[in-house]
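Knowing the structure of chain A, use the given hints to seat chain B on it.
Single-letter residue listing:
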Amino acid sequence: MILPAAYQPPLPLDRLLLPVGAPGAGDRMELDVLIVGAGPAGLACAIELARLAQRERSDLNIGVLEKAGALGEHSLSGAVVNPRAFHELFPDLKDPDFPFRGPVERERVALLTSRRAVTLPTPPTMHNAGNYVASVCEIVRWLGERAAALGVNVFTGFPAASLLVREGRVAGVRTAATGLDRGGQPLSNYMAPNDLIAKVTALAEGTRGSLSQAWLERQAVTCENPQIFALGVKEIWETRRSLDTIVHTLGWPVPTDAFGGSFMYPLEPNLVALGLVVGLDYRDAALDVHALLQRMKLHPLFRQYLEGGEMVEWGAKTIPEGGYYAVPARRSGDGVVILGDAAGFVDVPSLKGIHYAMQSGMFAARAIHAGLTAGDTSGARLAEYDRLVNASFIMKDLYRTRNMRLAFKDGFYAGGVKAALMTLTGGRFPGGKIAVEPDASVERRLTPGVRPVSVFTPDGKLTFSKVDGVFKSGNATRDTIPIHLVVGKEVPPAVAEFYAGMCPAGVYELAQGTLRVNAPNCVDCKATDVLGPRWTPREGGSGPKYKRM
Amino acid sequence: MKIAVCIKRVPDSETRVKIASDGKSLDEAGVKFILNPYDEFAVEEGLRLKEKAGTGEVVVIALGPAAAQETIRTALAMGADRGVLLQTQGLHPDGLETAKALAAELKGAGFDVILLGKMAIDDYNHQVGPMVAELLDLPCVTTVTHLEIVGGKGTAEREIEGGVEVVAFPLPAVLTTDKGLNEPRYPALKGIMAAKKKPLEVKPTAPGPGALEILSLTLPPERQAGKIVGEGPAAVAELVRLLREEAKVL
Numbered sequence: 012m013i014l015p016a017a018y019q020p021p022l023p024l025d026r027l028l029l030p031v032g033a034p035g036a037g038d039r040m041e042l043d044v045l046i047v048g049a050g051p052a053g054l055a056c057a058i059e060l061a062r063l064a065q066r067e068r069s070d071l072n073i074g075v076l077e078k079a080g081a082l083g084e085h086s087l088s089g090a091v092v093n094p095r096a097f098h099e100l101f102p103d104l105k106d107p108d109f110p111f112r113g114p115v116e117r118e119r120v121a122l123l124t125s126r127r128a129v130t131l132p133t134p135p136t137m138h139n140a141g142n143y144v145a146s147v148c149e150i151v152r153w154l155g156e157r158a159a160a161l162g163v164n165v166f167t168g169f170p171a172a173s174l175l176v177r178e179g180r181v182a183g184v185r186t187a188a189t190g191l192d193r194g195g196q197p198l199s200n201y202m203a204p205n206d207l208i209a210k211v212t213a214l215a216e217g218t219r220g221s222l223s224q225a226w227l228e229r230q231a232v233t234c235e236n237p238q239i240f241a242l243g244v245k246e247i248w249e250t251r252r253s254l255d256t257i258v259h260t261l262g263w264p265v266p267t268d269a270f271g272g273s274f275m276y277p278l279e280p281n282l283v284a285l286g287l288v289v290g291l292d293y294r295d296a297a298l299d300v301h302a303l304l305q306r307m308k309l310h311p312l313f314r315q316y317l318e319g320g321e322m323v324e325w326g327a328k329t330i331p332e333g334g335y336y337a338v339p340a341r342r343s344g345d346g347v348v349i350l351g352d353a354a355g356f357v358d359v360p361s362l363k364g365i366h367y368a369m370q371s372g373m374f375a376a377r378a379i380h381a382g383l384t385a386g387d388t389s390g391a392r393l394a395e396y397d398r399l400v401n402a403s404f405i406m407k408d409l410y411r412t413r414n415m416r417l418a419f420k421d422g423f424y425a426g427g428v429k430a431a432l433m434t435l436t437g438g439r440f441p442g443g444k445i446a447v448e449p450d451a452s453v454e455r456r457l458t459p460g461v462r463p464v465s466v467f468t469p470d471g472k473l474t475f476s477k478v479d480g481v482f483k484s485g486n487a488t489r490d491t492i493p494i495h496l497v498v499g500k501e502v503p504p505a506v507a508e509f510y511a512g513m514c515p516a517g518v519y520e521l522a523q524g525t526l527r528v529n530a531p532n533c534v535d536c537k538a539t540d541v542l543g544p545r546w547t548p549r550e551g552g553s554g555p556k557y558k559r560m
Numbered sequence: 067m068k069i070a071v072c073i074k075r076v077p078d079s080e081t082r083v084k085i086a087s088d089g090k091s092l093d094e095a096g097v098k099f100i101l102n103p104y105d106e107f108a109v110e111e112g113l114r115l116k117e118k119a120g121t122g123e124v125v126v127i128a129l130g131p132a133a134a135q136e137t138i139r140t141a142l143a144m145g146a147d148r149g150v151l152l153q154t155q156g157l158h159p160d161g162l163e164t165a166k167a168l169a170a171e172l173k174g175a176g177f178d179v180i181l182l183g184k185m186a187i188d189d190y191n192h193q194v195g196p197m198v199a200e201l202l203d204l205p206c207v208t209t210v211t212h213l214e215i216v217g218g219k220g221t222a223e224r225e226i227e228g229g230v231e232v233v234a235f236p237l238p239a240v241l242t243t244d245k246g247l248n249e250p251r252y253p254a255l256k257g258i259m260a261a262k263k264k265p266l267e268v269k270p271t272a273p274g275p276g277a278l279e280i281l282s283l284t285l286p287p288e289r290q291a292g293k294i295v296g297e298g299p300a301a302v303a304e305l306v307r308l309l310r311e312e313a314k315v316l
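Chains A and B supply the protein sequences, listed in that same order.
Everything in the first sequence is counted per our numbering, starting at 12 for the first residue and increasing by one.
Everything in the second sequence is counted per our numbering, starting at 67 for the first residue and increasing by one.
A portion of the hints provided could be inaccurate.
Unchecked claim - Using C-beta positions, here's what the derived DEER-type ranges look like: (1) B:Ser-91 - A:Gln-315: 54 to 62 Å; (2) B:Val-83 - A:Asp-25: 42 to 50 Å; (3) A:Ser-452 - B:Pro-287: 49 to 57 Å; (4) A:Glu-99 - B:Ser-282: 43 to 51 Å; (5) B:Ser-282 - A:Ala-505: 54 to 62 Å; (6) B:Ser-91 - A:Leu-432: 55 to 63 Å; (7) B:Lys-98 - A:Arg-439: 48 to 56 Å; (8) A:Ala-17 - B:Glu-225: 53 to 61 Å.
Stated by the list, open to error - Chain A side only, calculated, beta carbon under 7 Å to chain B, not exhaustive: (9) Asp-38; (10) Phe-166; (11) Thr-189; (12) Ser-199; (13) Asn-200; (14) Met-202; (15) Asn-205.
Keep in mind that the hints were calculated from the coordinates and are not lab data.
For every residue, glycine included, the Cβ atom is placed at its ideal position computed from N, Cα and C.
One chain only, chain A, in its complex shape (with noise of 0.2 Å):
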């Protein structure tokens, strides 16, 4: 057995929070509202921004923050879009006027076995009647033409890399610096880190962020679950054959004992997005995603769409999976409001969480308009944010479907049956609460135990390596950026395997009894911050460079 907390380093927290006025800071900025991460949570809080001091004719200045070279490159989901939020801060617009890709028009939900698809009915949930495929890569660029079009300054390729903390108040992030090779030395072209102070700051930094986690850790903010994860790893074709239905599976190749499940959805009709997600409280410590979505394109109901296309753009990500038991007591504190992904705002039974991180980056423009109007940017003063969320739908949807997820921590046949009575009884059974432990706290077998092992060969055509991905992915880090991953002193040779299979890039390989870390493959999925070494923010630009994912 391996317990994977044993391994995982502490949250670094003496480079996450650092002192206003720490030494090492080239450049200094101020700011009105400072947001870290251009996702939709940010944009969309962005947006509503600058419309509402546009309204009152007030001079706002408004930066957003992104790690990605591009708007957009380090996005990934599904994803199919519940359009509510669109509404809400597009008032003017209609469907048609989003970046949608087409409405859901046909759906299915199958039971796989290894050659057998059998069609089950929709779970209510999974009902998508109204909803829209997207591309979520798209939806940021498009935000982020409107929020650059009403004045806000959107900085791409500058990631984060500590909180700057004054007297328990969030006063502004530091950014990372550019230009040092392997051993941290500065190069020609070196960048020192910036400083942006401002009145507030919106931690939209997605899922896993290190900055949330880390404020969320010093101000011993609880919550009544810890949070979990799944890891999603997705693929784009270009297929000879159209699909015309979102197709959601549950079953093969995912072992019993863990909880996951894959899409296929039309962008095009001939342009398919597919992938497969598991919770990262697997019991088999040699399970691979990558592997198991690779194994599964070979099923008969994906092989007919995807034989004879071409595999053009492959990524990972994870997902908050702990629904309402999950989310912190508060996302608000002085100068300070966590919004979409990184507070958890995903209801995993529907498979979204777009609208949510949306609407809750509106609901802090907000609090945030509200307080800087006041003259009061206090945690007391932001707790309106959290009023707003708690009051919403975002809570209500994520209360109803509360226990759903965590039922399957006991396996698939007993989660669905117990998921079933909670649809039935609009999630009051069992009552109270089914409580998790954190993914790294679940102990993974060292025996294959149910799963057959089997070596697998990618074939190029249909399957892929992990390199062959992280090349599709658009990965083109320099090979001489610092290591950013914090790993654990002792790693024996059973956990350096593990981590080789929990890691979809191939950043972790047992090379002559130890771990080596290749870690310029790195996509930023952060399935190594929730099981093993820790995920640091490193030079903007660097990581994955998403199209259309």
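Just chain B now, kept in the frame of chain A:
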């Protein structure tokens, strides 16, 4: 010192290129555009010349569609002082027509140094720099990898086959920049903020039709997959046979 840098907006080299339905242009849908990497060396060198001189102005000039304003802003964020967009409908294929439009803008403006990338990574023509020099009747040094300017005179190094050529030239002059000249800086946060407020003049331009016509564009043939003949000494004979009979290289 007054410095002009001519830049071009080009598709990102990471882009998976698709040919449009007309068979002779690029399908621009979903393509990310960047500042031509060779022009980045030119911008960087212009900034360094001005910094060394202590005074002066760096003006970036681009010929291209309205979207090229974004490319100019990138150069302004790096530190250039102002920009001029000679705005056209789409991209113009003829190097001479491009050079004429740029030369008309540059003429009589009193630039000491005019910098261009040695080529654009989309058309590989290497034409515009020398043509601009000819049209302005100025000396031209191409593919510069090292540059010194002292008191109205310049010395440049160029990498040639098997060695380095050193040339001296008087100012004003037109120089095209090669990889190795410098390491372009990243735009700083302050630079990006400042770039939004720097002047960017847009001048509608209609270059002549030119003599060059693109007949067709094709992608390179797909590379054949490799073949694993076998393992160990036993495979050698088969490998030699295939190299001789199939590949015909022995």
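Evaluated hints:
Between B:Ser-91 and A:Gln-315 the Cβ separation comes to about 35 Å, which falls outside the hinted range of 54 to 62 Å. In this structure the supplied range 42 to 50 Å holds for B:Val-83 paired with A:Asp-25, their Cβ-Cβ distance being about 46 Å. For the pair A:Ser-452 and B:Pro-287, the beta carbons lie near 54 Å from each other, so the given range of 49 to 57 Å is met. Separation of A:Glu-99 from B:Ser-282 is about 49 Å and conforms to the stated range, judged on CB atoms against 43 to 51 Å.
Separation of B:Ser-282 from A:Ala-505 is about 58 Å and conforms to the stated range, judged on CB atoms against 54 to 62 Å. Range check, B:Ser-91 to A:Leu-432: Cβ separation about 59 Å, and the 55 to 63 Å hint holds. Remark: the range hint 48 to 56 Å for B:Lys-98 to A:Arg-439 is upheld by a beta-carbon distance near 50 Å. Here the CB-CB span from A:Ala-17 to B:Glu-225 is close to 56 Å, well matched to the stated 53 to 61 Å.
The restraint placing A:Asp-38 at the interface with chain B holds, with a minimum CB-CB distance near 5 Å, inside the 7 Å limit. Among the interface hints, the one on A:Phe-166 holds; its C-beta lies about 6 Å from the nearest C-beta in chain B, closer than the 7 Å criterion. The closest approach between the C-beta of A:Thr-189 and any C-beta of chain B is roughly 6 Å, which is under the 7 Å cut-off, so the hint is satisfied. Hint on A:Ser-199 holds. Least Cβ distance to chain B is approximately 5 Å, under the 7 Å limit.
The restraint placing A:Asn-200 at the interface with chain B holds, with a minimum CB-CB distance near 5 Å, inside the 7 Å limit. Interface restraint check for A:Met-202: the shortest CB-CB distance to chain B comes to about 5 Å, inside 7 Å, so the restraint holds. Because the closest C-beta pair between A:Asn-205 and chain B is about 5 Å apart, less than 7 Å, the hint holds.
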